[in-house]
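> From just these sequences and the hints, can you work out the full model?
2 protein chains.
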Amino acid sequence: MDSGESDRTLAEVGEFGMIGRITRARPESAGVAVGPGDDAAVVWAADGRVAVSTDMLVEGRHFRLDWSTPHDVGRKAVAQNAADIEAMGATATAFVVGFGAPADTPAAQVDALADGMWSEAARFGAAIVGGDLVASPHWVVSVTVLGDLAGRAPVLRSGAQPGSRIAVTGQLGYSAAGYALWHSGIDRFSEFRQRHLVPQPPYGQGRAAAEAGAQAMIDVSDGLVADLRHVAEASGVGIDVSTEALDADCRLLLGAAQAVGVDALTWVLGGGEDHALVAAFPGPLPAGWREIGHVVDGPGRVLVDGAEWRGYAGWQSFGTPGDGSLG
Amino acid sequence: MDSGESDRTLAEVGEFGMIGRITRARPESAGVAVGPGDDAAVVWAADGRVAVSTDMLVEGRHFRLDWSTPHDVGRKAVAQNAADIEAMGATATAFVVGFGAPADTPAAQVDALADGMWSEAARFGAAIVGGDLVASPHWVVSVTVLGDLAGRAPVLRSGAQPGSRIAVTGQLGYSAAGYALWHSGIDRFSEFRQRHLVPQPPYGQGRAAAEAGAQAMIDVSDGLVADLRHVAEASGVGIDVSTEALDADCRLLLGAAQAVGVDALTWVLGGGEDHALVAAFPGPLPAGWREIGHVVDGPGRVLVDGAEWRGYAGWQSFGTPGDGSLG
Numbered sequence: 001m002d003s004g005e006s007d008r009t010l011a012e013v014g015e016f017g018m019i020g021r022i023t024r025a026r027p028e029s030a031g032v033a034v035g036p037g038d039d040a041a042v043v044w045a046a047d048g049r050v051a052v053s054t055d056m057l058v059e060g061r062h063f064r065l066d067w068s069t070p071h072d073v074g075r076k077a078v079a080q081n082a083a084d085i086e087a088m089g090a091t092a093t094a095f096v097v098g099f100g101a102p103a104d105t106p107a108a109q110v111d112a113l114a115d116g117m118w119s120e121a122a123r124f125g126a127a128i129v130g131g132d133l134v135a136s137p138h139w140v141v142s143v144t145v146l147g148d149l150a151g152r153a154p155v156l157r158s159g160a161q162p163g164s165r166i167a168v169t170g171q172l173g174y175s176a177a178g179y180a181l182w183h184s185g186i187d188r189f190s191e192f193r194q195r196h197l198v199p200q201p202p203y204g205q206g207r208a209a210a211e212a213g214a215q216a217m218i219d220v221s222d223g224l225v226a227d228l229r230h231v232a233e234a235s236g237v238g239i240d241v242s243t244e245a246l247d248a249d250c251r252l253l254l255g256a257a258q259a260v261g262v263d264a265l266t267w268v269l270g271g272g273e274d275h276a277l278v279a280a281f282p283g284p285l286p287a288g289w290r291e292i293g294h295v296v297d298g299p300g301r302v303l304v305d306g307a308e309w310r311g312y313a314g315w316q317s318f319g320t321p322g323d324g325s326l327g
Numbered sequence: 001m002d003s004g005e006s007d008r009t010l011a012e013v014g015e016f017g018m019i020g021r022i023t024r025a026r027p028e029s030a031g032v033a034v035g036p037g038d039d040a041a042v043v044w045a046a047d048g049r050v051a052v053s054t055d056m057l058v059e060g061r062h063f064r065l066d067w068s069t070p071h072d073v074g075r076k077a078v079a080q081n082a083a084d085i086e087a088m089g090a091t092a093t094a095f096v097v098g099f100g101a102p103a104d105t106p107a108a109q110v111d112a113l114a115d116g117m118w119s120e121a122a123r124f125g126a127a128i129v130g131g132d133l134v135a136s137p138h139w140v141v142s143v144t145v146l147g148d149l150a151g152r153a154p155v156l157r158s159g160a161q162p163g164s165r166i167a168v169t170g171q172l173g174y175s176a177a178g179y180a181l182w183h184s185g186i187d188r189f190s191e192f193r194q195r196h197l198v199p200q201p202p203y204g205q206g207r208a209a210a211e212a213g214a215q216a217m218i219d220v221s222d223g224l225v226a227d228l229r230h231v232a233e234a235s236g237v238g239i240d241v242s243t244e245a246l247d248a249d250c251r252l253l254l255g256a257a258q259a260v261g262v263d264a265l266t267w268v269l270g271g272g273e274d275h276a277l278v279a280a281f282p283g284p285l286p287a288g289w290r291e292i293g294h295v296v297d298g299p300g301r302v303l304v305d306g307a308e309w310r311g312y313a314g315w316q317s318f319g320t321p322g323d324g325s326l327g
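Protein chains in written order, with UniProt numbering: chain C, 1 to 327; chain B, 1 to 327.
The reader is advised that the hints may include incorrect statements.
[As the list claims (entries may be wrong)] Take a look, some chain C residues computed to stay more than 10 Å from chain B by CB distance: (1) Pro162; (2) Gly185; (3) Val262; (4) Gly306.
[To be verified] Stretch-level coverage of chain B by chain C, calculated; a stretch enters the list once three of its residues show a Cβ under 8 Å from a Cβ in chain C: (5) 32 to 38; (6) 43 to 50; (7) 86 to 100; (8) 134 to 147; (9) 165 to 175; (10) 263 to 277.
Honestly, the hints are just simulated from the structure, not real lab data.
In this text the structure is predicted, and so the values were computed from the model without any measurement.
Backbone N, C-alpha and C define an ideal beta-carbon position, used for all residues, glycine too.
Okay, here's the thing in structure tokens:
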């Protein structure tokens with residue numbers, strides 16, 4: 001029985017048919033020597049090095065298909081991987097994608113997922129160069145990103161020095177606010193709810209930070225305090241965050257925080273998945289960055305206004321319910 | 001309640017604790033500038049290009065934990081990705097791994113999975129440079145491999161020319177035989193059963209083929225006829241396979257084929273997952289390759305002894321039960 005093109009399933013279209021559909025008529029990228037369709041892609045790496053990172057998103061854990069459209073899921077998967085590359089001071093150039101889904105998944109949803117990936121990647125001139133499409137009881141999206149350092153040294157987590165300024169670019173707490181709003185069934189504050197579904201990392205700022213001499217950098221995927229702790233421990237330094245410097249961030253969230261009944265500072269300090277960038281600078285900050293603290297002597301730990309932070313610190317996989325994770 | 005180190009679960013060890021365990025004390029690799037532990041790894045790419053490919057393995061679909069040990073699964077995931085790089089005429093240098101598993105998974109199983117990946121990668125001098133560890137209702141292993149072309153042109157599927165010889169290196173039908181033996185509960189012929197769990201691609205032969213002037217190449221992941229069809233269609237040529245040339249391959253499988261009650265040729269022509277390499281050569285074959293047919297004029301199709309092959313051709317995801325797929 002043949003159904004219309006618009007409501008065919010993955011099983012009806014088939015693996016190779018589906019791959020043909022989602023790779024057809026995509027824009028060419030100057031960074032790609034061999035695109036999808038062979039045993040491997042070949043990507044230019046004029047720098048002589050390539051940065052590489054991977055993230056896996058599991059339905060019910062990292063996204064919910066009753067909250068997110070497939071297009072949102074595609075954008076999120078690309079955005080959060082690109083943010084890891086930004087956090088090295090590099091620029092994302094190419095992605096490969098593993099996608100698992102049930103055989104009865106509408107092919108149109110797979111089209112939308114791929115379109116979301118391409119549209120997010122197009123924001124910084126990157127391409128999807130390959131992938132794997134398999135049967136799975138639930139959706140799994142595994143994205144690997146390649147990045148270009150353009151001759152610069154990678155900005156690691158381990159280089160922060162006492163006396164440097166800690167600065168951030170991008171939003172803090174938007175995703176956590178959005179998650180709480182979705183969870184509470186509050187349909188106002190659409191910007192936060194949308195940011196929970198599709199983070200918007202500050203593309204280009206990783207490179208700007210590297211060019212400005214950033215000593216250490218990370219993207220805020222687990223939460224500001226949790227991610228700064230990674231930097232503090234890797235660098236063997238203390239990082240002291242000023243809540244006064246985060247007032248403006250808190251004010252942006254105030255209405256939503258009151259609607260949900262929480263302290264906005266909890267979202268700013270503990271909320272992950274916005275993929276803001278936070279870095280240590282020994283000198284002047286690049287445009288678009290705001291100072292939120294400074295580096296002090298070790299041991300490796302994070303202080304808030306000079307004291308240990310005892311609130312919610314951030315996400316870990318395999319966490320227990322109530323830790324802010326989905327499902 | 002604290003249980004012994006040996007029977008702790010992923011939830012008890014935690015994401016970061018587990019990542020620490022599986023990345024500790026691994027061998028250094030000359031190809032890696034920045035290893036695991038930062039936002040991204042950095043891999044050397046002196047060639048100025050990098051080959052990249054990805055595969056996703058889903059429990060119950062691509063492996064069964066009642067047949068395979070976690071160590072087997074790790075080796076298989078790395079081997080099949082490395083084979084894709086071999087099929088470009090390149091050498092695998094580095095891997096990143098996404099792994100999803102239930103929170104109650106024994107941490108020792110994750111250790112074994114990682115050990116399997118490292119031991120397989122060590123066979124060709126590559127390293128695991130990064131990954132992501134997440135909660136998932138069942139095991140999902142997503143591996144991305146980077147490869148080095150060392151200045152050579154990539155060997156694509158599209159370059160086969162009429163008159164060239166088709167040759168293969170590596171085993172044909174071992175994995176299919178093993179699958180049938182497992183499925184039938186026959187515990188003899190352990191070599192085939194083990195090859196189904198852990199394929200052994202002919203590492204180094206991809207590069208040897210490229211250096212010998214291979215015009216087109218692919219690894220046998222879906223089945224010999226199915227994969228040659230990809231080459232035939234991409235190249236716009238016919239490929240004529242000789243069953244007489246495959247006699248030796250069939251003889252190796254004869255005992256197992258009789259035990260299961262099938263024609264060994266079905267496994268040789270249709271069985272995938274051995275990750276043998278098959279290529280078109282205009283001139284002499286490199287050492288270790290055996291001729292199995294030749295390239296004829298188009299249209300793009302595969303012939304067996306000059307006639308269309310009507311038997312089982314190979315694997316596709318989302319296939320129906322009975323197509324040789326698991327689950």
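> With reference to the structure, classify each hint as holding or not holding.
Right, here's what the structure says about each hint:
no. : hint       : verdict
1   : Pro162     : holds (21 Å)
2   : Gly185     : holds (25 Å)
3   : Val262     : holds (25 Å)
4   : Gly306     : holds (26 Å)
5   : 32 to 38   : holds (count 4)
6   : 43 to 50   : holds (count 8)
7   : 86 to 100  : holds (count 9)
8   : 134 to 147 : holds (count 11)
9   : 165 to 175 : violated (count 0)
10  : 263 to 277 : violated (count 0)
When each numbered hint is compared with the structure, violations occur for hints 9 and 10.
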